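Peer 1: Sequence:
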Amino acid sequence: MATKPAFKQAIQRTQLEVLLGRAAKLLGRLIVVKDGHREFSQFTYSDDWLADTQFFDVSPDLNRQSGYQLRKPPTRNDTCFFLALADTEPDAWGRRVIGRAHAKARSKDALLGPLTEADYLACVDDFSRVGALRLRDESGHYLRSVADGGRSTAAFLELEKILLASRAVEVSQETAEDLAYLQGKGTSLGGMRPKCTILDSDGALSLGKFPSVNDERSVTRGEVLALRLAQIAGIDSAQARIVMVQDQPVAMIRRFDRTSEQNRIPYISGATLLQAKR
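Numbering (my numbering) for the sequence shown: 2 to 279.
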(Lines of atoms letter the chains of each structure in order from A and count residues from 1; the text may use other names and numbers.)
(Lines give C-alpha, C1' and ligand atoms only; values in the text may rest on other atoms or scores of the structure.)
Protein backbone atom coordinates (compact mmCIF):
# COMPACT_ATOMS: atom_id res chain seq x y z
CA MET A 1 0.00 0.00 0.00
CA ALA A 2 1.37 3.37 -0.99
CA THR A 3 1.90 5.89 1.77
CA LYS A 4 2.57 9.58 1.66
CA PRO A 5 6.16 10.52 2.43
CA ALA A 6 6.60 12.24 5.77
CA PHE A 7 8.30 15.61 5.54
CA LYS A 8 9.83 16.85 8.77
CA GLN A 9 10.61 20.52 9.07
CA ALA A 10 14.14 21.38 10.06
CA ILE A 11 14.57 22.27 13.72
CA GLN A 12 15.15 26.00 14.14
CA ARG A 13 17.45 27.19 16.92
CA THR A 14 17.94 30.82 17.89
CA GLN A 15 20.71 31.64 20.37
CA LEU A 16 20.72 34.96 22.20
CA GLU A 17 22.60 36.64 25.02
CA VAL A 18 20.48 38.16 27.79
CA LEU A 19 21.97 41.36 29.21
CA LEU A 20 21.10 43.92 31.86
CA GLY A 21 20.73 47.67 31.44
CA ARG A 22 22.89 50.31 29.82
CA ALA A 23 26.08 48.57 30.99
CA ALA A 24 24.92 45.42 29.15
CA LYS A 25 26.04 43.08 31.94
CA LEU A 26 25.80 39.49 30.70
CA LEU A 27 23.17 37.61 32.72
CA GLY A 28 23.04 34.43 30.69
CA ARG A 29 22.22 32.79 27.38
CA LEU A 30 18.86 31.92 25.88
CA ILE A 31 18.18 29.25 23.27
CA VAL A 32 14.79 29.21 21.53
CA VAL A 33 13.90 26.02 19.65
CA LYS A 34 11.12 25.44 17.12
CA ASP A 35 10.57 21.78 16.28
CA GLY A 36 7.55 21.51 14.01
CA HIS A 37 4.62 23.03 15.88
CA ARG A 38 6.42 22.84 19.23
CA GLU A 39 8.45 25.73 20.62
CA PHE A 40 10.42 25.83 23.85
CA SER A 41 13.34 27.71 25.34
CA GLN A 42 16.37 27.07 27.52
CA PHE A 43 18.30 29.52 29.67
CA THR A 44 21.59 29.30 31.52
CA TYR A 45 23.05 31.91 33.86
CA SER A 46 26.55 33.20 33.17
CA ASP A 47 29.15 32.21 35.75
CA ASP A 48 29.94 35.87 36.43
CA TRP A 49 26.30 36.69 37.19
CA LEU A 50 25.92 33.68 39.48
CA ALA A 51 28.93 34.92 41.46
CA ASP A 52 27.87 38.58 41.45
CA THR A 53 27.09 40.08 44.88
CA GLN A 54 24.13 41.90 43.29
CA PHE A 55 22.68 38.70 41.81
CA PHE A 56 18.92 38.44 41.47
CA ASP A 57 16.79 35.90 39.64
CA VAL A 58 16.22 36.99 36.06
CA SER A 59 12.71 35.54 36.38
CA PRO A 60 10.77 33.99 39.30
CA ASP A 61 10.70 30.70 37.40
CA LEU A 62 14.50 30.58 36.98
CA ASN A 63 16.49 29.05 39.82
CA ARG A 64 19.95 30.23 40.85
CA GLN A 65 21.96 27.34 39.43
CA SER A 66 24.43 26.55 36.69
CA GLY A 67 23.44 24.71 33.53
CA TYR A 68 20.51 25.10 31.18
CA GLN A 69 16.98 25.26 32.55
CA LEU A 70 14.09 24.25 30.29
CA ARG A 71 10.83 26.10 29.71
CA LYS A 72 8.06 24.29 27.84
CA PRO A 73 4.67 25.98 27.57
CA PRO A 74 2.20 24.15 29.85
CA THR A 75 -0.56 24.60 27.26
CA ARG A 76 -0.77 25.67 23.63
CA ASN A 77 -1.81 29.15 24.75
CA ASP A 78 1.10 29.69 27.14
CA THR A 79 4.42 31.33 26.37
CA CYS A 80 7.52 29.30 25.60
CA PHE A 81 9.69 31.88 27.39
CA PHE A 82 10.60 32.22 31.03
CA LEU A 83 8.11 34.71 32.38
CA ALA A 84 10.27 37.83 32.79
CA LEU A 85 11.41 37.42 29.19
CA ALA A 86 7.80 36.94 28.13
CA ASP A 87 7.05 40.33 29.71
CA THR A 88 9.23 41.92 27.01
CA GLU A 89 7.31 40.30 24.14
CA PRO A 90 4.74 42.23 22.12
CA ASP A 91 1.19 41.46 23.15
CA ALA A 92 -2.03 41.48 21.11
CA TRP A 93 -1.61 44.89 19.44
CA GLY A 94 2.08 44.48 18.64
CA ARG A 95 1.57 40.94 17.38
CA ARG A 96 -1.21 42.16 15.09
CA VAL A 97 1.13 44.71 13.50
CA ILE A 98 4.00 42.23 13.19
CA GLY A 99 1.75 39.44 11.90
CA ARG A 100 0.15 41.57 9.20
CA ALA A 101 3.51 42.88 8.02
CA HIS A 102 4.79 39.31 7.78
CA ALA A 103 1.66 38.17 5.94
CA LYS A 104 2.18 40.86 3.30
CA ALA A 105 5.81 39.79 2.94
CA ARG A 106 4.82 36.11 2.57
CA SER A 107 2.35 37.00 -0.18
CA LYS A 108 5.35 38.13 -2.23
CA ASP A 109 7.76 35.39 -1.12
CA ALA A 110 6.36 31.86 -1.03
CA LEU A 111 9.54 30.55 0.60
CA LEU A 112 9.14 32.78 3.65
CA GLY A 113 8.14 30.62 6.62
CA PRO A 114 5.68 31.40 9.41
CA LEU A 115 6.71 33.58 12.33
CA THR A 116 8.23 31.93 15.38
CA GLU A 117 8.02 33.17 18.97
CA ALA A 118 11.69 34.15 18.65
CA ASP A 119 10.72 36.35 15.69
CA TYR A 120 8.13 38.19 17.77
CA LEU A 121 10.63 38.67 20.61
CA ALA A 122 13.18 40.02 18.13
CA CYS A 123 10.74 42.55 16.66
CA VAL A 124 10.79 44.67 19.83
CA ASP A 125 13.06 47.70 19.60
CA ASP A 126 16.05 47.44 21.97
CA PHE A 127 15.82 51.12 22.90
CA SER A 128 12.24 50.80 24.12
CA ARG A 129 12.06 47.16 25.27
CA VAL A 130 10.16 47.03 28.57
CA GLY A 131 12.30 46.77 31.71
CA ALA A 132 16.07 46.36 31.85
CA LEU A 133 16.55 43.07 29.99
CA ARG A 134 18.22 43.29 26.60
CA LEU A 135 18.86 40.68 23.92
CA ARG A 136 21.86 40.34 21.63
CA ASP A 137 22.32 37.87 18.78
CA GLU A 138 25.39 35.84 17.88
CA SER A 139 26.60 38.63 15.59
CA GLY A 140 26.64 41.12 18.47
CA HIS A 141 23.54 43.04 17.33
CA TYR A 142 20.94 44.10 19.87
CA LEU A 143 17.38 43.03 19.13
CA ARG A 144 15.74 44.94 17.62
CA SER A 145 18.10 47.67 16.42
CA VAL A 146 18.06 49.92 13.37
CA ALA A 147 20.65 49.19 10.70
CA ASP A 148 22.57 52.43 11.24
CA GLY A 149 22.72 51.92 15.00
CA GLY A 150 19.91 54.38 15.63
CA ARG A 151 16.47 53.71 17.07
CA SER A 152 12.99 53.43 15.63
CA THR A 153 11.25 55.19 18.55
CA ALA A 154 9.42 58.18 17.14
CA ALA A 155 9.72 61.81 18.17
CA PHE A 156 6.72 63.65 19.64
CA LEU A 157 6.09 65.43 16.33
CA GLU A 158 5.32 62.06 14.68
CA LEU A 159 2.36 61.34 16.95
CA GLU A 160 -0.21 62.21 14.28
CA LYS A 161 1.44 59.93 11.72
CA ILE A 162 1.48 57.04 14.20
CA LEU A 163 -2.18 57.64 15.07
CA LEU A 164 -3.20 57.47 11.41
CA ALA A 165 -1.14 54.33 10.74
CA SER A 166 -2.54 52.64 13.86
CA ARG A 167 -6.10 53.52 12.90
CA ALA A 168 -5.54 52.04 9.43
CA VAL A 169 -4.47 48.77 11.09
CA GLU A 170 -7.56 48.78 13.32
CA VAL A 171 -9.92 49.05 10.34
CA SER A 172 -7.85 46.61 8.20
CA GLN A 173 -6.93 49.26 5.64
CA GLU A 174 -3.23 49.43 6.39
CA THR A 175 -0.59 49.64 3.68
CA ALA A 176 2.80 47.97 3.70
CA GLU A 177 4.22 51.43 4.42
CA ASP A 178 1.98 51.79 7.49
CA LEU A 179 3.16 48.44 8.85
CA ALA A 180 6.82 49.15 8.14
CA TYR A 181 6.50 52.51 9.89
CA LEU A 182 4.90 50.96 12.99
CA GLN A 183 7.66 48.35 13.38
CA GLY A 184 9.48 49.20 16.61
CA LYS A 185 7.14 52.13 17.33
CA GLY A 186 3.95 50.17 17.93
CA THR A 187 5.34 46.73 18.80
CA SER A 188 7.34 47.21 22.02
CA LEU A 189 4.50 47.10 24.53
CA GLY A 190 1.86 44.72 25.79
CA GLY A 191 -1.90 45.09 25.74
CA MET A 192 -4.69 44.88 23.18
CA ARG A 193 -5.34 48.57 22.50
CA PRO A 194 -3.53 50.67 19.85
CA LYS A 195 -0.47 52.34 21.31
CA CYS A 196 3.08 53.38 20.57
CA THR A 197 6.38 54.11 22.22
CA ILE A 198 7.35 57.73 21.70
CA LEU A 199 9.80 60.36 22.92
CA ASP A 200 7.91 63.17 24.63
CA SER A 201 8.66 66.80 23.84
CA ASP A 202 11.33 66.83 26.57
CA GLY A 203 12.96 63.62 25.28
CA ALA A 204 11.55 61.29 27.96
CA LEU A 205 10.53 57.81 26.83
CA SER A 206 6.76 57.63 26.98
CA LEU A 207 3.75 55.59 25.98
CA GLY A 208 1.15 57.01 23.62
CA LYS A 209 -2.26 55.35 23.95
CA PHE A 210 -4.79 55.99 21.20
CA PRO A 211 -8.57 55.87 21.20
CA SER A 212 -9.92 52.74 19.53
CA VAL A 213 -12.42 52.92 16.69
CA ASN A 214 -14.58 50.65 18.85
CA ASP A 215 -14.63 52.93 21.91
CA GLU A 216 -18.07 53.99 23.13
CA ARG A 217 -16.55 56.36 25.67
CA SER A 218 -13.23 58.15 26.09
CA VAL A 219 -11.06 55.36 27.46
CA THR A 220 -7.87 57.42 27.16
CA ARG A 221 -9.31 60.29 29.22
CA GLY A 222 -10.53 57.77 31.80
CA GLU A 223 -7.07 56.25 32.11
CA VAL A 224 -5.41 59.62 32.64
CA LEU A 225 -8.09 60.54 35.19
CA ALA A 226 -7.45 57.30 37.10
CA LEU A 227 -3.71 58.03 37.24
CA ARG A 228 -4.34 61.60 38.44
CA LEU A 229 -6.69 60.38 41.17
CA ALA A 230 -4.12 57.80 42.25
CA GLN A 231 -1.52 60.55 42.65
CA ILE A 232 -3.93 62.65 44.72
CA ALA A 233 -4.52 59.60 46.93
CA GLY A 234 -0.77 59.30 47.52
CA ILE A 235 -0.23 56.30 45.25
CA ASP A 236 3.00 56.30 43.25
CA SER A 237 1.81 56.36 39.65
CA ALA A 238 3.01 57.42 36.23
CA GLN A 239 2.77 61.01 35.02
CA ALA A 240 0.10 61.34 32.36
CA ARG A 241 -1.69 63.95 30.30
CA ILE A 242 -4.03 64.19 27.31
CA VAL A 243 -2.75 65.49 23.98
CA MET A 244 -5.26 66.27 21.24
CA VAL A 245 -4.29 64.90 17.83
CA GLN A 246 -6.77 65.38 14.97
CA ASP A 247 -9.46 66.00 17.59
CA GLN A 248 -8.63 62.64 19.20
CA PRO A 249 -7.57 62.48 22.89
CA VAL A 250 -4.25 60.63 23.06
CA ALA A 251 -2.97 59.63 26.50
CA MET A 252 0.73 60.45 26.96
CA ILE A 253 2.09 58.39 29.86
CA ARG A 254 5.67 58.47 31.10
CA ARG A 255 7.36 55.07 31.13
CA PHE A 256 7.88 53.96 34.74
CA ASP A 257 10.75 51.62 33.78
CA ARG A 258 13.13 54.49 32.98
CA THR A 259 14.87 56.98 35.26
CA SER A 260 15.04 60.71 34.59
CA GLU A 261 18.44 60.00 32.98
CA GLN A 262 16.74 57.32 30.84
CA ASN A 263 18.52 54.43 32.57
CA ARG A 264 16.60 51.14 32.55
CA ILE A 265 14.76 49.89 35.64
CA PRO A 266 14.21 46.11 36.01
CA TYR A 267 10.55 45.19 35.71
CA ILE A 268 8.27 42.18 35.94
CA SER A 269 4.51 42.11 35.56
CA GLY A 270 2.02 41.06 38.22
CA ALA A 271 1.33 37.91 36.20
CA THR A 272 5.04 37.04 36.27
CA LEU A 273 5.30 37.74 40.01
CA LEU A 274 2.44 35.30 40.59
CA GLN A 275 3.77 32.89 37.93
CA ALA A 276 0.31 32.90 36.40
CA LYS A 277 -0.43 31.20 33.11
CA ARG A 278 -0.75 33.44 30.08
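Simulated from the structure, these hints should not be mistaken for lab results. Everything numeric in this text was worked out from a predicted model, so none of it was measured. Beta carbons are placed, not taken as given, at the ideal position from N, Cα and C, and that holds for glycine. Some hints could be false.
Here are the computed distance ranges between Cβ atoms for each label pair [unchecked claim]:
(1) Ser140 - Ile236: 41 to 51 Å
(2) Ala227 - Asp248: 21 to 31 Å
(3) Asn78 - Glu224: 37 to 47 Å
(4) Asp203 - Ala111: 41 to 51 Å
Peer 1: State for each hint whether it applies.
Peer 2: Taking the hints in turn, this is what the structure says about them:
1. Ser140 - Ile236: 41 to 51 Å: holds, 44 Å
2. Ala227 - Asp248: 21 to 31 Å: Hint holds: Cβ distance 23 Å, inside 21 to 31 Å.
3. Asn78 - Glu224: 37 to 47 Å: violated, 27 Å
4. Asp203 - Ala111: 41 to 51 Å: Since Asp203 and Ala111 have Cβ atoms about 47 Å apart, the given range 41 to 51 Å holds.
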